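Those protein sequence lines, which keep their order, are chains D and U. Each residue of the first sequence is one higher than the one before, counting from 1 in our numbering. Each residue of the second sequence is one higher than the one before, counting from 1 in our numbering.
The hints are simulated quantities; they were obtained by calculation from the structure and are not laboratory data. Computed from a predicted structure; not experimentally measured. Mixed in with the good hints, there may be bad ones.
[Stated by the list, open to error] Quick look at which bits of chain U chain D covers, simulated, 3 or more residues with Cβ under 8 Å:
#1 21 to 27
#2 46 to 53
#3 59 to 66
[As the list claims (entries may be wrong)] On the chain D side, residues computed to face chain U include the following (Cβ under 7 Å):
#4 Leu-184
#5 Ala-185
#6 Arg-191
#7 Gly-200
#8 Ser-208
#9 Glu-210
#10 Val-315
#11 Ala-448
Note that the Cβ used here is the ideal one computed from N, Cα and C, for glycine as well.
Each chain, written out:
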Amino acid sequence: MTYERQKDFGTPEVLSETQVTLSIDGREVTVPAGTSVMRAAAECGGSIPKLCATDNVKAFGSCRLCLVEIEGRKGTPASCTTPAEQGMIVATQTPRLEKLRRGVMELYISDHPLDCLTCSANNDCELQDQAAAVGLRDVRFGYDGADHLGAPTDTSNPYFDFDPSKCIVCSRCVRACDEVQGTLALTIDGRGFASMVSAGQTTDDFLSSECVSCGACVQACPTATLQEKSVKEIGKPERSVVTTCAYCGVGCTFRAEMRGEQLVRMVPWKDGKANRGHSCVKGRFAWGYANHADRITSPMVRESIHEPWREVSWVEALEFTAGRLRTIREESGPRALGGITSSRCTNEETFLVQKLVRAGFGSNNVDTCARVCHSPTGYGLKTTFGTSAGTQDFDSVMHSDVVLVIGANPTDAHPVFASRMKRRLRQGAKLIVIDPRRIDLVRSPHIAAAHHLALRPGTNVAVLTAMAHVIVTVGLVDETFVAERCEADAFEEWSRFVAEERHSPEFLQDVTGVPAQTLREAARLFATGGNGAIYYGLGVTEHSQGSSTVMAIANLAMATGNIGRPGVGVNPLRGQNNVQGACDMGSFPHELSGYRHISDGDVRSLFEQDWKVTLDDEPGLRIPNMLDAALDGSFRAIYIQGEDILQSDPDTRHVAAGLAAMDCVIVHDLFLNETANYAHVFLPGSTFLEKDGTFTNAERRMQLVRKVMEPANGMQDWEVTQALANALGLGWDYTHPSQVMDEIARLTPTFAGVSFDRLEAEGSLQWPVNEAFPDGAPVMHEAGFVRGKGLFVVTDYVPTDEKTGPRFPLLLTTGRILSQYNVGAQTRRTANVVWHEEDVLEVHPTDAENRGLKSGDWVRLASRKGETTLRAKVTDRVAPGVVYTTFHHPETQANVVTTDYSDWATNCPEYKVTAVQVAPSNGPSDWQENYAELSGRSRRIAPAEPAE
Amino acid sequence: MSDQERIAGIVAEHEGREGPLLPLLRDIQAELGCVSAEAEAQVAQALNLSRAEVHGVASFYHDFTERPDPRPCVEICRAEACQARGVEALMQAARDAAGDRVRLADVYCLGLCSVGPNAKLDDAVHARLDAAGLVSLIESA
Ligand code: SF4
Ligand code: SF4
Ligand code: SF4
Ligand code: FES
Ligand code: FES
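Chain D on its own, in the form it takes in the complex:
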């Protein structure tokens, strides 16, 4: 297979109802009105020479290489900036044009190093291609004039270099940063001959500039000026495979470009409907963890967690594990066994893990880490609308007029979607942010929130109910929508409830900290500003009132008629790549795939016939209950695939105690993670680059993950689960994940129409895909709600039990940052650490002053549950009384301080509110020291036995 770049149409696609037909070099072509002549030519197979145009940024018209002749028009207009018109007759290759183009090219080449043969972009360079295309033979101007050949290379970014001597100043990089990424980190410094691309100001290099390392500029650059270091090191790719990012819920698709068995670079796939050719630093660059030295590729076992690990063969590991599981089941019954599925793994892998637990172990003790993030979404949206998922696709935001972001930080956690949202905001849509912290969206170049409601952590429900109060009492309800689409009684009850004086912004402002006037204006804007869309994240769900908040959001959307068309809707921004899929696949103890209750006999018998087993008809244990049950001895064995519950779950000490009490902890992962400190069996996992399967992103979009290299551990994760099942005598015989998907489709009406063949042919499908929605559903609830009529639910604000007091006067809230991902198992093992070496605690200047703290000081962060130490950063991004940190690094163990309070409906832990105290400190806490010691001891691997 030979390597080819993805086709570049030169200018972006135009959406228009009107079509125009024109003739280009004698060929007729019909395109939407507004399409450039350049793109029209590309659509009919032609290719006009070009340098400054590329199809992910607007045309610029600077290089003058793309000139054409148009009948009846004077001169030679640039085809990239000339819109196609009805009846136009265009010539793209004439002697006159050729001469002009050669002249332009001569000028470019006269100031370009002629080291093509040793250049890393050789054969993958548009300047080279175009020089050939215009037939350049010699350069009349010679090479003696002034040039830029001595300019030094900027190597500060860990993933790409900037070598200005090769720059043709086409501004594609600058425009990509502005238009595609929306960071505006690049500019052209100076003018005329002195013009040079500059990251930030004269005093900056790429690393110190505003650059967030998304790589859009590198992708846009036609020369080797901006180029991936990996291409320089490994060489030009030879083949490419399209696959899906395994980091976040945006679900960007990439061409994994390979040279032999080595990954050279990831290039966002322009046909990917979630990302449309863009990506963030994690997906594009942070894949180095796949071959990190810490990766474990051989199975390991040990009798007790106090012993060092022993590397063993797969056969021995599986026998050891199956033996332990059998013994425990005989001694304590099936309900002593359970499993945890991973939001990082594929749908097929997740489905198999829950099948193993239900059909193999014989209990329903299966849960997923979505418990710790989006279970309230499932519950809240199912109750109000009838399905546990977001209502829109990402493209929908381009039709929004008012965007409400609550408890989410898209520029850090969902960067590619945030770029799209920012583009819409730059076009004039209004923004309301509800967040205790001044996230970047509140104010960053060309983006400013109309209203920022900086509420006290834990008061989401009060704020949303107050907004509803304004909408109802001022008479801004969309009466027609409510009358047609929602249950009347429930609406009546709800509107009486929110109209009560105790829900007015004035009454609640002391509780929420949001001035009544600001809240009223925000409510008014949302109700009257046109298409209103709500985006929310973990700042909504990870609360004791997480489910109530989700329902309050749904209420707000229904009351204002913002459901069921593009530009509106309720959109959870899912954290992990496959958290939607993991939930869909039956990972919860009470639900089979497609959110059907385990107590439903009809559903159960469907599975029982297919699987030829009898299923337990009672819901199993949730993660926190498994841990509790472990402490009293009734829960003894757990299979954990791709999760690090010790680091990611709240109240670390409780998790540690629960795990330590079990007799068989099986960790199936890439690395010896923190949870593995308590494990008896370690089964090495495979990376997303090494497996086939599907992920489902936050838009319910199912996309293929394709194997680009052989698993370093010898088996894809689904094969490992199958091997374990077979060691228990289950006799599974899947030979490819597509067969698992066929089983899912057969057993789950929501996915009835999904198959690998269709995904292969169509690129992606947004569920439901079945008789009612044969091609899937980008927007849900268009004609009516899935549950019939929308249900308004009364959401009473109940303050969390976690209260500040004299000992713990501050509120801690947690989040994440762009360059790191979740517990950091992957990103900490890449060069992304240059942007985030450690977790820091953000403290407001007033609180810092009261405690005598400066930025960079070590501080002790203590709650009722525990304490840890980390460095302080003094900033007014947080309000007085609020402190904030991330949880990417195990040394910090921020979850040592979080409590085990949780959402009333789903047990989703309350990460977002913890009462704490902060004081100066001079070193690690006792827990950190003890844990570091244990962790060091527990990670020992015994030297291999000498061969006989």
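Using the hints, position chain U with the ligands against chain D.
Below, chain U with the ligands without anything else, positioned relative to chain D:
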């Protein structure tokens, strides 16, 4: 008053104005004698632009300088009409007269093409310059 406070004052004067960037940069250059990297960053923050954007604009115009240059400045037109009317022949004399004391800047067209060679000192444009005229203009700076 620190530079930062002076810039904040200038920013405040232009508040609410449409297209405030160039007038702001001009006032900063006039007040502080330069538009430093710190000034660019402060303006970017105030106008909600990126630092790169402000730098792109500031570096485009020769009238904005990164560091203050306290020397007087004579701007000499070197554009086509003035070239045709002989400005190039005056340049060596101009350089000798300026030495290190006066800064010479090239400009391209002062709008008086028919009466060149032309040069500008402070706010006054001087036309029909010959070598002696230009030298005495430079000496008077
Ligand atoms: S990597 Fe992204 S953010 Fe950085 S300069 Fe390039 S486009 Fe801009
Ligand atoms: S760095 Fe690349 S994209 Fe940017 S101006 Fe230079 S050649 Fe064009
Ligand atoms: S981490 Fe998310 S936004 Fe970044 S490339 Fe992957 S899917 Fe896209
Ligand atoms: S491609 Fe049209 S002017 Fe450069
Ligand atoms: S060319 Fe010198 S003033 Fe116009």
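These are the hints, each one checked on the structure:
By the rule of at least three residues with a Cβ nearer than 8 Å to a Cβ of chain D, the coverage given for the stretch 21 to 27 of chain U is violated, with 0 such residues. Against chain D, the stretch 46 to 53 of chain U contributes 6 residues with a C-beta closer than 8 Å to a partner C-beta. That satisfies the three-residue criterion, and the hint holds. Counting residues of the stretch 59 to 66 of chain U whose beta carbon lies closer than 8 Å to any beta carbon of chain D gives 3, which meets the minimum of three for the stated coverage. The criterion of a C-beta within 7 Å of any C-beta in chain U is met by Leu-184 (chain D), whose closest approach is roughly 4 Å, and the hint holds.
With 7 Å as the threshold, the beta carbon of Ala-185 (chain D) comes within range of chain U, its nearest partner Cβ sitting at about 5 Å, so the hint holds. The criterion of a C-beta within 7 Å of any C-beta in chain U is met by Arg-191 (chain D), whose closest approach is roughly 5 Å, and the hint holds. Taken as an interface hint, Gly-200 (chain D) checks out: its beta carbon lies about 5 Å from the nearest beta carbon of chain U, inside 7 Å. The interface hint given for Ser-208 (chain D) is broken, as the beta carbon of that residue sits about 10 Å from the closest beta carbon of chain U, more than 7 Å.
With 7 Å as the threshold, the beta carbon of Glu-210 (chain D) comes within range of chain U, its nearest partner Cβ sitting at about 5 Å, so the hint holds. Using the Cβ-Cβ criterion of 7 Å, the hint placing Val-315 (chain D) at the interface with chain U is not satisfied: the shortest such distance is roughly 58 Å. Given the 7 Å rule on beta carbons, the hint for Ala-448 (chain D) holds: about 6 Å separates it from the nearest Cβ of chain U.
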